[in-house]
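**Q** What follows is each chain in one-letter form.
Number of protein chains: 2
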Amino acid sequence: MGKITGNMPNLLLLSKEETIYRAIIEAARLPELNIVTQIEESDIVLGEPNLIRETLSHLSTLKWIQSTWAGVEPLLDPSLRRDYILTNARGVFGRLMSEYVIGYLLAHERSIFERMAAQRNKQWDKSLTGTLHGKIIGLLGVGSIGAEVARTAKFFGMQVRGYTKSSEASKYVDNYFHGQDLLAFANGLDYLVSILPNTKETKKIVDAKLLDELPSHAVFINVGRGSAVDESALIEALEQNKLAGAILDVFEQEPLPKEHPFWTTKNLTMTFHTSAPSFPEDIARVFIENYQLYIEGKPLKYQVDFEKGY
Amino acid sequence: MGKITGNMPNLLLLSKEETIYRAIIEAARLPELNIVTQIEESDIVLGEPNLIRETLSHLSTLKWIQSTWAGVEPLLDPSLRRDYILTNARGVFGRLMSEYVIGYLLAHERSIFERMAAQRNKQWDKSLTGTLHGKIIGLLGVGSIGAEVARTAKFFGMQVRGYTKSSEASKYVDNYFHGQDLLAFANGLDYLVSILPNTKETKKIVDAKLLDELPSHAVFINVGRGSAVDESALIEALEQNKLAGAILDVFEQEPLPKEHPFWTTKNLTMTFHTSAPSFPEDIARVFIENYQLYIEGKPLKYQVDFEKGY
Chain A
1 MGKITGNMPN
11 LLLLSKEETI
21 YRAIIEAARL
31 PELNIVTQIE
41 ESDIVLGEPN
51 LIRETLSHLS
61 TLKWIQSTWA
71 GVEPLLDPSL
81 RRDYILTNAR
91 GVFGRLMSEY
101 VIGYLLAHER
111 SIFERMAAQR
121 NKQWDKSLTG
131 TLHGKIIGLL
141 GVGSIGAEVA
151 RTAKFFGMQV
161 RGYTKSSEAS
171 KYVDNYFHGQ
181 DLLAFANGLD
191 YLVSILPNTK
201 ETKKIVDAKL
211 LDELPSHAVF
221 INVGRGSAVD
231 ESALIEALEQ
241 NKLAGAILDV
251 FEQEPLPKEH
261 PFWTTKNLTM
271 TFHTSAPSFP
281 EDIARVFIEN
291 YQLYIEGKPL
301 KYQVDFEKGY
Chain B
1 MGKITGNMPN
11 LLLLSKEETI
21 YRAIIEAARL
31 PELNIVTQIE
41 ESDIVLGEPN
51 LIRETLSHLS
61 TLKWIQSTWA
71 GVEPLLDPSL
81 RRDYILTNAR
91 GVFGRLMSEY
101 VIGYLLAHER
111 SIFERMAAQR
121 NKQWDKSLTG
131 TLHGKIIGLL
141 GVGSIGAEVA
151 RTAKFFGMQV
161 RGYTKSSEAS
171 KYVDNYFHGQ
181 DLLAFANGLD
191 YLVSILPNTK
201 ETKKIVDAKL
211 LDELPSHAVF
221 INVGRGSAVD
231 ESALIEALEQ
241 NKLAGAILDV
251 FEQEPLPKEH
261 PFWTTKNLTM
271 TFHTSAPSFP
281 EDIARVFIEN
291 YQLYIEGKPL
301 KYQVDFEKGY
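Line by line, the protein sequences are chains A and B. Mapping of the first sequence onto the numbering used here: position 92 corresponds to residue 92, and the numbering continues sequentially without gaps. Mapping of the second sequence onto the numbering used here: position 204 corresponds to residue 204, and the numbering continues sequentially without gaps.
Don't take each hint at face value.
The list cannot tell twin chains apart, which means a pair is met if one copy fits it or any two copies do.
Claimed, not checked - Heads up, simulated DSS-like pairs for lysine-lysine below, C-alpha to C-alpha not over 30 angstroms straight-line:
(1) 301 - 63
(2) 122 - 203
(3) 171 - 135
(4) 242 - 266
(5) 204 - 122
(6) 258 - 203
(7) 154 - 171
(8) 266 - 122
(9) 266 - 209
(10) 266 - 126
Just so you know, the hints here were simulated from the structure itself, not pulled from any lab data. Values in this document were obtained by computation on a predicted structure and should not be read as measured data.
Can you make the complete structure from the sequences, with help from the hints?
**A** Now the structure itself:
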């Protein structure tokens, strides 16, 4: 066996959609690249973090892993090696996440579930609908995804608040909050959207105190990670009408166990981690862009800091 | 009784929301304006066309009617007087209509009704969702509302086609079609949206031939007038899966009679003429703007052509 040529980069695909990735990458005719199937030969791995984790210790010549996901938790376990460059998928989910967030915001304003029920009952339901215009949305976390959600919210005439560690990069955020100003950030929001990654600092950041700052007509949306939410506090807020609704795409445990109370919590809508699928055409573009940098010996884009976790 | 002063314009409010309009207009302190309650005294009427119609023949000093609606059908009957200036509400519905159209497009792409059903059945439904990006939307009618829908569709990366009598005013429409090119306009659309007013030319323009040009995954949305649709043809297309869905806000007869087949037609969603409510704050702004022109003796905005019907 052994490498086909001494120095040509060997790419291993570890993805449920290997066939599609192979077709796209072969069609791109990237200079010098071999696509290999032997774990021991590969310098580069493109794939899902959970699949890659299983073979991580056997990748003896590993230099770079490109994740097809934004979240790379399976590779962040402190017991795992960190002697390679890990890049995640970024810049491709913002558009999809924005469609998701705005779609569910409009579903709420337009009472589309209620109107469907009215139709079933043959009721001509003329009750007034709301509008996004002028409403206040607060983004917990404003990275590349949050910036795109902010841009879309601004298009619809919303007021946009952002809570970040320190960055203030998006011009579509009207007011930034940091550190101790979390409760001030949440106070009076019509919509609270968490786009936070799973890190030590974000654990259960959405707790009873934070939810208490929201008006009772507010809706909470989680498209980040389930770990950011105190699930009991959220259930209590919803069941006691302290909150008008929650739209959850992510959960502490996925798939959500059948016995979990979320399935039947009042005004809780769940979407099974489908908000921003990794379409191979999008992710392959990220890989191809990074591969060009790789063979030129330049720093790769979207590098994950193992300590920070994103 | 008689006018309070000889030449000061007298405004009569004929609206279900008279109290709100009175408060807003009084707060605006418009020069010379009296708000009156006597039909015989009024030069100007602001209100709903169906309410105004009942008193139309008694308005002996009538000069101008400002409709709170976009549609003014009740005042267009050829048997009614036309010796006054009729202006309708324009420029205020585009934003609301865009929210409605994009909201229901996203509901379709994101399968939000299907996911709600999955949640009820405690099924972790990971099936892939679609995106608006790259999809083709066709607008039947591109006036001020259509232009705003086009702008919003473009924001989401859609391809936009427009069908108009002759105008090509919106830069957000990629391809315009006119006259005989109706079927070419419809061919291959992912979404067909009718924003047409009720006129002779638009009657049943959405017929079996037009619907046949749409792919079976397409969705039809009607936010214009119900008269533009051949209802039997639409029912047949939906029941035979020639069309994936229809979202109807308007109908030939409103409220829709209980025995109408639309209530239970497959994949048909109805919203009871709620897509773009006339919020008094918005309509009052239109009136105030036109009132300034009125007292300056300048031509009013948004004048309706009684012959054309809009």
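**Q** Decide, hint by hint, whether the structure agrees.
**A** Results for each hint:
1. 301 - 63: within (15 angstroms within a copy, 67 angstroms between copies)
2. 122 - 203: between (46 angstroms within a copy, 26 angstroms between copies)
3. 171 - 135: For residue 171 and residue 135, the Cα distance is within 30 angstroms both inside one copy (18 angstroms) and across copies (28 angstroms).
4. 242 - 266: Within one copy, since 11 angstroms is at most 30 angstroms while 37 angstroms is not.
5. 204 - 122: For residue 204 and residue 122, the Cα distance is within 30 angstroms only across copies (25 angstroms; inside one copy 43 angstroms).
6. 258 - 203: Answer is within; shortest intra-copy Cα gap is 23 angstroms, inter-copy 52 angstroms.
7. 154 - 171: both (10 angstroms within a copy, 21 angstroms between copies)
8. 266 - 122: both (24 angstroms within a copy, 15 angstroms between copies)
9. 266 - 209: For residue 266 and residue 209, the Cα distance is within 30 angstroms only inside one copy (20 angstroms; across copies 45 angstroms).
10. 266 - 126: both (24 angstroms within a copy, 22 angstroms between copies)
Consistency note: the structure conflicts with none of the earlier hints.
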